[in-house]
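Undergrad: Between the sequences and the hints, there should be enough to build the whole structure, so can you do that?
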Amino acid sequence: MKLNLKIWRQKDAKSKGSMMNYTIDGIDGDMSFLEMMDVLNEDLINKDEEPVEFDHDCREGICGSCSLQINGEPHGPDRAVTTCQLHMRKFNDGDTIVIEPFRAKAFPVIKDLIVDRTSFDRIQQAGGFISVNTSGNTQDANAIPIAKEKADDAFYSAACIGCGACVAACKNASAMLFTSAKISQYALLPQGQVEATERVQNMVRQMDLEGFGNCTNTGACEVECPKGISLENIARMNREYLSATLKG
Amino acid sequence: MSRLIKSSIARKVVMALSGLFLVFFLGQHFVINITSVIAPDTFNSWSHFMGYNPLVQFVLQPILIAGVIVHFVMGIILEIRNNRARAISYAKYNGGANSSWISRNMFITGLVVLAFLGLHMYDFWVHEMAYKYIEGSLEDPTRYYAETVEKFEPIWRTVLYVIAFGLLALHLLHGFASSFQSMGLNNKYSPAIQTFTKIYAIAIPLGFAFIAIYHHLNPITH
Amino acid sequence: MGILDAKVPAGPLADKWTSHKNKINLVNPANKRNIDIIVVGTGLAGGSAAATLAELGYNVKTFCYQDSPRRAHSIAAQGGINAAKNYQGDGDSNYRLFYDTVKGGDYRSREGNVYRLAEVSGQIIDQCVAQGVPFAREYGGLLDNRSFGGVLVSRTFYAKGQTGQQLLLGAYSAMNRQINRGKIQPFNRHEMMDLVKVDGKARGIIARNLVTGEIERHSAHAVVLATGGYGNVFFLSTNAMGSNVMAAWRAHRRGAHFANPCYTQIHPTCIPVSGDHQSKLTLMSESLRNDGRIWVPNKKEDSLAIREGKLKPTQIKEEDRDYYLERRYPAFGNLVPRDVASRAAKERCDAGFGVNKTGEAVYLDFDAAIMRYGREKALTSGHKDPTDKELRALGEEVVEAKYGNLFQMYEKIVDENPYKTPMMIYPAVHYTMGGLWVDYNLQTTIEGCYAAGEANFSDHGANRLGASALMQGLADGYFVLPYTIGDYLSNDIRTGKIPTDSPEFNQAEKEVRDRMDKLMTGKGLHSVDFYHKKLGKIMWDKCGMSRNAKDLQEAIDEISALRKDFWENVKVPGTANSKNQELEKAGRVADFLELGELFAKDALARNESCGGHFREEYQTPDGEALRDDENFKFVSAWEYKGEPKDAVLHKEELKYENIELKTRSYK
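Protein chains in written order, with our numbering: chain A, 1 to 248; chain B, 1 to 222; chain C, 1 to 667.
Honestly, the hints are just simulated from the structure, not real lab data. You may find that some hints are simply not true.
Keeping only pairs whose Cα atoms sit at most 25 Å apart, straight-line, the calculated SDA-like set for lysine to any residue is [stated by the list, open to error]: (1) Lys-247(A) with Val-14(B); (2) Lys-198(B) with Ser-100(B); (3) Lys-14(A) with Lys-92(B).
TA: Below, the structure written as structure tokens:
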């Protein structure tokens with residue numbers, strides 16, 4: 001199939017960027033979206049132009065590197081996939097596809113479609129851990145039974161791949177789904193209880209410092225999340241935060 | 001307390017609590033107003049009570065005004081901060097694919113409701129204040145019904161009111177349910193709460209609109 | 001040729017590690033504050049090592065090419081992690097895990113290391129649970145297990161289909177705690193370009209900031225390489241697009257011997273190649289072989305009809321199907337080790353029974369499992385006289401609960417519903433058992449340069465068992481390296497900070513810059529991917545699942561010629577002092593072009609078949625691998641001497657004192 005592409009090009013963090021038009025032919029429905037981008041880049045290189053830079057790594061939907069706002073939606077029109085697992089069969093011959101970087105003040109553009117998501121890392125550094133040393137003599141893994149349901153819920157929260165689609169989708173560029181998923185994973189497990197109060201306070205403080213917007217419960221994040229992280233996490237974080245604040 | 005307001009979650013909670021308070025007030029307001037349709041005398045006596053009871057006038061009324069201001073100011077702060085969180089906007093943004101128009105446009109519906117509130121205050125509250133405190137007119141427990149009905153004589157005002165009630169319904173459709181999520185309530189009861197809030201969000205503004213239209217269609221003949 | 005000493009401590013197998021730990025030197029806490037360690041790579045091995053070293057008190061700098069440590073490719077591991085916990089009471093023990101691993105590796109791994117791995121495996125699970133890793137649990141609240149290929153017990157712990165991500169997030173959270181304390185300085189989007197040696201010891205690295213293009217110098221008292229495997233030498237593999245051999249190869253060029261490069265694991269259950277545009281291959285977890293049955297039609301005309309789209313797999317009658325693994329290996333059936341399963345698939349496809357358009361695919365069928373689970377569910381839920389349709393619906397529910405995310409992934413990629421029609425799978429390059437040669441302390445042949453995880457060669461011999469990579473990465477990082485490195489660093493407590501303005505750093509930086517300039521000034525005929533794809537094709541065709549002397553010799557010549565072509569004609573657009581993904585790729589492919597040749601040379605030198613290394617000349621009459629213990633019971637460790645063809649072979653003789661060498665049989 002033949003496609004028209006409108007792609008954001010930006011030389012580096014300091015330069016001003018703009019949308020550029022490209023046409024591309026010979027795209028097969030079995031290609032992934034990023035393989036389509038590979039074809040474009042191969043073309044550009046052969047024409048002595050600079051290829052379009054975009055983040056990607058595992059190309060199997062788990063590392064969370066790939067991003068891209070495709071036709072106004074993070075990871076494109078398909079549900080429960082990352083861009084690397086979006087396939088061209090979701091598009092039609094002659095379509096125009098608009099490709100932009102994830103936009104948020106806390107995700108500044110590095111180059112073309114690559115954004116800096118280290119704000120997510122800093123949120124986790126602020127408290128996304130359980131303080132346990134690798135002594136080799138921690139108690140036996142089965143010493144504390146955890147109800148299957150709780151463990152499963154903790155897993156569903158922990159399934160977040162930190163891609164930033166929630167921020168990209170949110171009209172307020174809020175990072176609450178991400179932050180709450182990280183907080184929830186620990187809040188749901190007995191191991192996470194000891195530091196629960198400090199954790200939620202520190203992580204929310206860092207989230208705010210990074211300049212993300214406020215949640216207004218539009219639910220866009222949940223719909224666009226490639227891993228189906230639920231809004232329940234945000235409610236849980238709010239609860240944890242309120243009870244932490246009331247405790248002091 | 002200041003720390004509380006500084007965090008994004010606390011701001012949400014303030015928004016939710018003030019909103020819930022206003023939702024509650026709206027229900028109470030409706031109960032009084034509907035009596036103007038079914039029992040004008042009751043309407044007169046309740047209105048008089050509200051207008052002259054010191055507790056209502058000097059404690060509850062300021063709280064209500066404060067609630068409106070907090071909700072409104074916080075709404076503006078949130079909007080400004082949220083706009084700032086995305087400095088460069090998308091060339092193409094397909095919000096309709098993942099969220100409702102209502103949820104994305106609370107600021108707009110809120111502003112319309114606020115503008116309506118201005119008109120409404122001018123129509124009733126300013127008049128009331130002037131009557132009581134500037135003109136120093138005497139108490140008249142029977143005037144309210146006639147005053148109210150008279151207001152809805154012009155078609156333009158009735159139409160404006162009905163439009164505003166429509167946008168209020170949209171605002172409530174998202175806001176009422178959303179306030180529970182903001183305060184951390186999302187559990188097995190949530191679907192029931194959702195249903196209740198949706199019914200409330202439609203029924204109350206619809207009721208107000210009915211009252212306005214009813215009075216327009218049934219003017220007091222002089 | 002030299003003989004290498006692995007420094008495995010003396011004494012009974014089960015006591016080696018404990019007595020070694022008791023004897024090695026330690027660094028006191030106050031002195032640890034004066035010692036810097038560089039950790040390159042932040043996957044399971046690097047991330048866990050960095051966290052533990054920082055926790056012990058060392059100053060750690062971590063480097064990764066990804067934008068966050070959490071994205072290292074360990075994240076993609078699906079199935080699980082082994083540990084000899086014996087929670088299932090099915091007779092598991094440290095010895096049995098040790099035995100299974102050595103046998104699975106076709107008796108080409110080091111006894112001492114493997115036993116240590118088994119010994120600490122249980123502690124890994126304890127540690128991860130304490131960190132909040134949400135492993136799958138049973139209804140009683142205790143940890144669940146499943147079984148993997150090549151073993152007869154259930155010892156695999158898992159977190160649905162994303163065990164790797166959960167374990168990596170655990171290690172990353174431990175890192176975060178240390179970053180928060182200022183004990184780890186993370187350098188993300190940085191690539192190690194060279195290793196710097198001062199007085200023969202590893203004392204730092206030259207790194208490139210991938211955002212700005214700046215070349216940076218970083219010094220340390222020791223350098224840990226945990227940079228993963230080199231499967232991407234095949235271009236198409238299940239590795240991440242960025243996975244590369246650069247760090248290990250740079251160390252190799254500085255004097256670290258490279259061991260067993262030809263030992264590659266070809267994973268049997270991957271989604272088949274669909275066309276020339278393919279950029280990478282996707283794995284379907286080995287856990288699927290717990291329930292899926294592998295087959296091809298037993299009539300060639302049926303296979304042909306399927307390839308032409310005239311016949312559907314569901315139309316093939318039971319008696320016309322060849323469940324070839326169950327036929328050839330009745331004892332292990334569909335759960336034979338990976339190398340065996342892969343070769344068997346290739347054998348059937350080469351014989352003309354393959355199924356998709358290309359003829360390079362076999363079926364993985366869940367029909368029997370769906371019906372079996374359906375009957376079980378109907379019984380337990382008191383559903384009497386269910387129809388076939390109801391049974392199927394019930395069974396599909398159970399299968400979805402177990403493998404839902406994998407089935408969904410398959411459907412997204414292939415656009416076929418695997419509940420209704422069997423999955424198509426084909427082997428793909430997945431893991432490399434070879435890597436930097438290390439001794440028992442995980443030190444390479446360069447003093448102060450350590451290698452952990454997939455980057456070293458040590459524990460899996462010629463074939464790795466499923467769910468053992470995660471185990472080895474975390475064992476090295478959490479429980480082995482942080483202790484053994486202290487023995488070396490105890491000599492450095494008075495050294496003080498290593499300066500970065502020494503002639504050695506100057507020289508290393510100059511070499512890095514020269515190399516980049518050379519890449520930027522090629523004639524510009526072909527893109528980097530052009531060369532990478534060509535290299536991949538040579539590797540897959542001639543050094544893939546089965547190899548022979550003629551092909552290997554050809555591969556050596558072709559790769560050598562391709563490398564020359566590459567350096568003359570490669571086209572790298574953009575500049576070196578800015579973000580430039582093509583330049584990043586070019587540097588990586590340049591090293592693959594050297595490694596590939598050494599790979600073929602190693603495969604040619606090993607005149608036997610063992611594990612993942614199958615030489616057509618050395619097989620039993622029924623097509624099984626034929627090992628030659630008399631002549632090849634050793635680790636091949638290659639010393640760099642310029643061109644790969646000049647590399648010098650050093651041997652580490654493998655001693656089996658606790659295990660009897662047998663012909664591996666899964667029949």
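Undergrad: If a hint holds in the structure, say so; if it doesn't, say that too.
TA: Each hint, compared with the structure:
1. Between the alpha carbons of Lys-247(A) and Val-14(B) the distance comes to roughly 18 Å, so the proposed pair stays at or under 25 Å and holds.
2. About 14 Å separates the Cα atoms of Lys-198(B) and Ser-100(B), which keeps this hinted pair within 25 Å; it holds.
3. At most 25 Å may separate the alpha-carbon atoms for a hinted pair to count; Lys-14(A) and Lys-92(B) meet this at roughly 23 Å.
The structure meets every hint from the earlier list without exception.
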